Amino acid sequence: MLSLYSAYGSQGLCLITVWRETLSQMQSWLSSRGYGEYTNNYEDTDSDIFGLYVDAFTGEETVPTNYLIDRDGNVRYWEIGEISEGAWADLIEELL
Amino acid sequence: MTRVFLVLPLLLVLAGCAGGVARTASPLPVAGTGEFSLSEAEVMGGGRLVVAAAPGPETTTLSVRIEQAVDVKGVLFTLRFPARDFHAGAVEFGSFLGGLDEVVALAITSQPGEVPVALVRVRPDTAVGVSGSGEIVRIALQPGPVTPPRSISRAPDGNANKPWDLTLLETGIPDHYQLRWHEVNTGDGNNDGNVNIQDVTPIAMRFGAWTDDGGNDEWDDLIDANRDRVINIADVTGIAMNFGTQLAGYNIYFADISDPLPNLEEPGASLSVLRPASPGKSRVLYTYDLELLWQAEVTVRPADPQGNEGVPSGPAVVSSGGAPAAPQNLEASAGEEVGVGVIKLTWDANAEGDLLYYRIFRRAGTGGYLSAGTVAGGEAAPSFGDDNRGNLLAPSVLYTYYVVAVNTVGAVSAPSAEVAASPFYPAPPAVPPWIEATGEGVEMENALKVTWGAAESPYLDGYEVWRQGPGEAAFSLLQSVGAGVTLLYDAGGLIAGETYSYRVRAFDRYSQFSDFTPAASAVFNPAGELAIVQVTTDRTTLQQGSSERAHLAVEVTDPQATVTWEAEAGSFPGGNSGCEVIYAPPASGGPRHVTISVNAQRGSETADSSVDLIITALESLGRFQDFSAPSFAAPASPYRALNYYVAERKVVLLDFGSIG
Numbered sequence: 000m001l002s003l004y005s006a007y008g009s010q011g012l013c014l015i016t017v018w019r020e021t022l023s024q025m026q027s028w029l030s031s032r033g034y035g036e037y038t039n040n041y042e043d044t045d046s047d048i049f050g051l052y053v054d055a056f057t058g059e060e061t062v063p064t065n066y067l068i069d070r071d072g073n074v075r076y077w078e079i080g081e082i083s084e085g086a087w088a089d090l091i092e093e094l095l
Numbered sequence: 000m001t002r003v004f005l006v007l008p009l010l011l012v013l014a015g016c017a018g019g020v021a022r023t024a025s026p027l028p029v030a031g032t033g034e035f036s037l038s039e040a041e042v043m044g045g046g047r048l049v050v051a052a053a054p055g056p057e058t059t060t061l062s063v064r065i066e067q068a069v070d071v072k073g074v075l076f077t078l079r080f081p082a083r084d085f086h087a088g089a090v091e092f093g094s095f096l097g098g099l100d101e102v103v104a105l106a107i108t109s110q111p112g113e114v115p116v117a118l119v120r121v122r123p124d125t126a127v128g129v130s131g132s133g134e135i136v137r138i139a140l141q142p143g144p145v146t147p148p149r150s151i152s153r154a155p156d157g158n159a160n161k162p163w164d165l166t167l168l169e170t171g172i173p174d175h176y177q178l179r180w181h182e183v184n185t186g187d188g189n190n191d192g193n194v195n196i197q198d199v200t201p202i203a204m205r206f207g208a209w210t211d212d213g214g215n216d217e218w219d220d221l222i223d224a225n226r227d228r229v230i231n232i233a234d235v236t237g238i239a240m241n242f243g244t245q246l247a248g249y250n251i252y253f254a255d256i257s258d259p260l261p262n263l264e265e266p267g268a269s270l271s272v273l274r275p276a277s278p279g280k281s282r283v284l285y286t287y288d289l290e291l292l293w294q295a296e297v298t299v300r301p302a303d304p305q306g307n308e309g310v311p312s313g314p315a316v317v318s319s320g321g322a323p324a325a326p327q328n329l330e331a332s333a334g335e336e337v338g339v340g341v342i343k344l345t346w347d348a349n350a351e352g353d354l355l356y357y358r359i360f361r362r363a364g365t366g367g368y369l370s371a372g373t374v375a376g377g378e379a380a381p382s383f384g385d386d387n388r389g390n391l392l393a394p395s396v397l398y399t400y401y402v403v404a405v406n407t408v409g410a411v412s413a414p415s416a417e418v419a420a421s422p423f424y425p426a427p428p429a430v431p432p433w434i435e436a437t438g439e440g441v442e443m444e445n446a447l448k449v450t451w452g453a454a455e456s457p458y459l460d461g462y463e464v465w466r467q468g469p470g471e472a473a474f475s476l477l478q479s480v481g482a483g484v485t486l487l488y489d490a491g492g493l494i495a496g497e498t499y500s501y502r503v504r505a506f507d508r509y510s511q512f513s514d515f516t517p518a519a520s521a522v523f524n525p526a527g528e529l530a531i532v533q534v535t536t537d538r539t540t541l542q543q544g545s546s547e548r549a550h551l552a553v554e555v556t557d558p559q560a561t562v563t564w565e566a567e568a569g570s571f572p573g574g575n576s577g578c579e580v581i582y583a584p585p586a587s588g589g590p591r592h593v594t595i596s597v598n599a600q601r602g603s604e605t606a607d608s609s610v611d612l613i614i615t616a617l618e619s620l621g622r623f624q625d626f627s628a629p630s631f632a633a634p635a636s637p638y639r640a641l642n643y644y645v646a647e648r649k650v651v652l653l654d655f656g657s658i659g
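Taken in order, these protein sequences are the chains called B and G.
Numbering of the first sequence is given in numbering that gives the first Met the number 0, commencing with residue 0 and proceeding in unit increments.
Numbering of the second sequence is given in numbering that gives the first Met the number 0, commencing with residue 0 and proceeding in unit increments.
Wrong hints could be hidden among the right ones.
To be verified - Residues from chain B that face chain G, not an exhaustive set, calculated with beta carbons under 7 angstroms:
(1) 1
(2) 11
(3) 13
(4) 17
(5) 29
(6) 38
(7) 76
(8) 78
(9) 80
(10) 84
Unchecked claim - Here are the computed distance ranges between Cβ atoms for each label pair:
(11) G/490 x B/63: 40 to 46 angstroms
(12) G/567 x B/38: 40 to 46 angstroms
(13) B/81 x G/603: 37 to 43 angstroms
(14) B/38 x G/494: 56 to 62 angstroms
Please keep in mind that the hints were generated in silico from the structure rather than gathered at the bench.
Model, not experiment: these values are computed from the prediction.
The beta-carbon is built from N, C-alpha and C at its ideal position, and this holds for glycine as well.
Please build the complete structure, drawing on both the sequences and the hints.
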């Protein structure tokens with residue numbers, strides 16, 4: 000995920016992560032893995048935000064789930080489970 | 000007098016030292032107290048023996064270990080301790096040099112102040128040596144000295160040490176004879192005149208050999224202490240029983256004269272004849288020329304180096320030296336009364352006074368003659384039961400025999416007439432009267448059941464069940480079961496829906512088989528309802544026309560069921576059958592949601608399930624859902640709705656995740 004951001008962030012890709020944990024929990028977890036510099040994380044302990052997307056798109060409360068949103072705010076692609084970075088890179092390049 | 004030796008646990012395991020094996024007398028550090036030590040130590044290989052003492056309130060335990068052993072095939076040593084304070088009790092041999100079937104071991108615990116110990120790997124000339132460190136033996140010392148004290152006399156004693164071939168051989172000169180006999184010193188396998196711990200090694204060297212198998216027979220005869228014709232662990236008993244015996248020569252006595260006859264070769268020697276210094280590996284033959292001035296008994300007695308005498312012989316027999324007459328009226332018989340696999344031979348006793356034994360020769364069919372055994376002379380009605388040394392003679396083979404007589408000077412008679420017979424064997428078992436195979440109502444899951452009727456035979460030992468499975472050209476042995484078993488569950492890798500055939504034959508204790516039963520067949524239909532447990536996919540969304548693939552898997556209650564997959568759109572590049580398939584999205588068009596169905600089939604049973612996949616063409620699936628929430632950037636309050644990034648015309652990768 001972060002490697003996609005590293006590759007395409009300068010071209011207009013924004014990576015947002017919404018967590019089920021509290022900010023302190025996620026910060027500790029990220030720091031322990033060397034991701035402390037990455038700060039675009041949101042707290043969603045009650046799944047309020049996740050629920051919006053489950054209702055609108057997947058119908059399934061499974062994490063991780065990833066969405067690709069274009070520059071006009073349209074959801075263009077989603078996938079449940081760990082993403083295949085190669086396939087997602089192609090999709091991102093198509094939208095940038 | 001009787002000397003009682005405690006032969007320790009014939010933990011048999013032999014080892015031995017080949018001629019080329021290095022023997023090292025190593026320095027022997029002693030751990031613990033200086034009262035305990037090792038002496039006369041010999042390590043067949045490299046290594047260091049160490050003794051450690053563990054005093055206890057009742058028992059003091061001595062442990063002998065070998066350290067830094069390199070390719071060791073045996074160890075011999077004497078463990079010494081204060082005789083006034085202790086006597087040896089229980090002995091446990093360690094397994095460092097091998098298990099019970101690999102080593103010949105002996106420990107003598109009847110000696111005051113010492114325990115001679117030997118452990119030698121069987122057939123050390125070919126055995127692999129052992130390296131490393133480990134315990135050799137553990138000996139419990141009990142308080143108090145040995146009672147009773149050991150015998151003073153150490154010359155060969157007891158009936159087992161009487162010469163059996165003491166002979167006055169006529170010389171052709173009236174009244175002049177050559178007295179001759181072979182030495183008997185039971186347990187002296189290395190033929191050095193002394194029965195001691197060193198004599199364990201020859202047993203290990205020749206372990207399993209027969210004294211009449213044509214290889215090293217003279218040496219084997221010396222080692223075979225119990226004279227049962229085979230070298231085995233039982234022969235260590237001969238060492239234990241005669242431990243400490245020393246033989247320096249023999250005294251010869253004539254009539255009632257109390258003084259022995261003088262030594263003719265070494266005048267002044269204390270014994271009538273002296274034992275040769277290096278007799279090799281053959282039993283020592285003693286001779287003494289004498290003139291008998293009147294008829295009287297001539298006897299001999301073994302003596303140790305101090306002149307102590309052992310067991311007196313019986314009187315010498317007179318022999319002309321000529322060969323005995325050929326044994327007469329040899330007959331062979333076989334039958335139930337003789338025994339299964341046995342042929343009994345009888346013949347008339349020879350009349351010669353110097354007869355020593357008969358040797359029986361046997362051949363199978365038209366093969367060559369081999370020695371089958373010996374029978375001692377002197378029997379009024381000699382006979383020999385040939386059971387092939389306990390292995391039984393083979394059924395339906397004609398065995399031919401002849402017998403020769405051998406006298407005390409080794410002269411052999413002409414052979415007797417030949418006789419022939421075949422050993423008795425009972426009829427083989429009758430074929431089991433019926434057999435049935437079924438897959439219905441089988442008590443064991445996923446199995447076929449085979450049953451058969453008991454075969455009739457007084458010697459029935461069991462049954463063999465043979466099976467022929469699908470695609471197999473012939474039956475093969477599935478399992479052997481005991482005589483009381485007439486049922487077998489076959490649960491080994493059966494394939495659902497396939498037919499398996501079985502047949503059974505009985506066998507008896509003599510390895511005779513009945514004919515096979517006819518074949519009985521059954522179809523394997525595993526028990527339990529056919530159902531799909533779960534369907535899994537490694538991804539739920541695939542892009543139309545892309546190289547993305549979903550790996551689908553199904554778990555079915557019966558793994559042997561036939562599984563097929565169907566999809567509304569897309570394809571299965573590797574085929575659509577099997578429990579695992581690969582799904583590829585359609586190149587173009589098709590529905591957004593694709594249902595992939597899976598069907599499992601077993602005979603007439605079927606089970607279905609499905610999984611839905613999303614096929615996207617990177618078209619707009621809907622507007623994003625805006626939100627605001629606490630973030631790292633503003634942990635105290637909701638911050639930066641997603642709209643903020645959209646307004647900046649960013650492409651957003653939105654990830655919902657969780658630490659757990």
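So, going through the hints one by one against the coordinates:
Interface restraint check: residue 1 of chain B against chain G, minimum CB-CB distance 10 angstroms, threshold 7 angstroms, status violated. A hinted interface residue such as residue 11 of chain B counts as satisfied when its beta carbon comes closer than 7 angstroms to some beta carbon of chain G; here the least separation is about 6 angstroms, so the hint holds. Here the hint on residue 13 of chain B is kept, as its CB sits about 4 angstroms from the closest CB of chain G, short of 7 angstroms. Interface hint at residue 17 of chain B: satisfied, since its Cβ lies 5 angstroms from the closest Cβ of chain G, which is below the 7 angstroms cut-off.
Contact between residue 29 of chain B and chain G, as hinted, is not supported at the beta carbon level, the nearest pair being about 9 angstroms apart and thus beyond 7 angstroms. Taking 7 angstroms as the C-beta contact cut-off toward chain G, the hint placing residue 38 of chain B at the interface holds, the least distance being around 4 angstroms. Because the closest C-beta pair between residue 76 of chain B and chain G is about 5 angstroms apart, less than 7 angstroms, the hint holds. Nearest Cβ of chain G to the Cβ of residue 78 of chain B: about 4 angstroms, under the 7 angstroms cut. The hint holds.
Checking residue 80 of chain B against chain G: minimum C-beta separation of about 6 angstroms stays under 7 angstroms; hint holds. Interface hint at residue 84 of chain B: violated, since its Cβ lies 11 angstroms from the closest Cβ of chain G, which is beyond the 7 angstroms cut-off. Between residue 490 of chain G and residue 63 of chain B the C-beta distance comes to about 44 angstroms, which sits within the given range of 40 to 46 angstroms. Under the hint 40 to 46 angstroms, the C-beta atoms of residue 567 of chain G and residue 38 of chain B, about 44 angstroms apart, fit the expected range.
Checked against the hint of 37 to 43 angstroms, the pair residue 81 of chain B and residue 603 of chain G passes, with Cβ atoms roughly 41 angstroms apart. Our hint of 56 to 62 angstroms for residue 38 of chain B and residue 494 of chain G holds, since their Cβ atoms are close to 60 angstroms apart.
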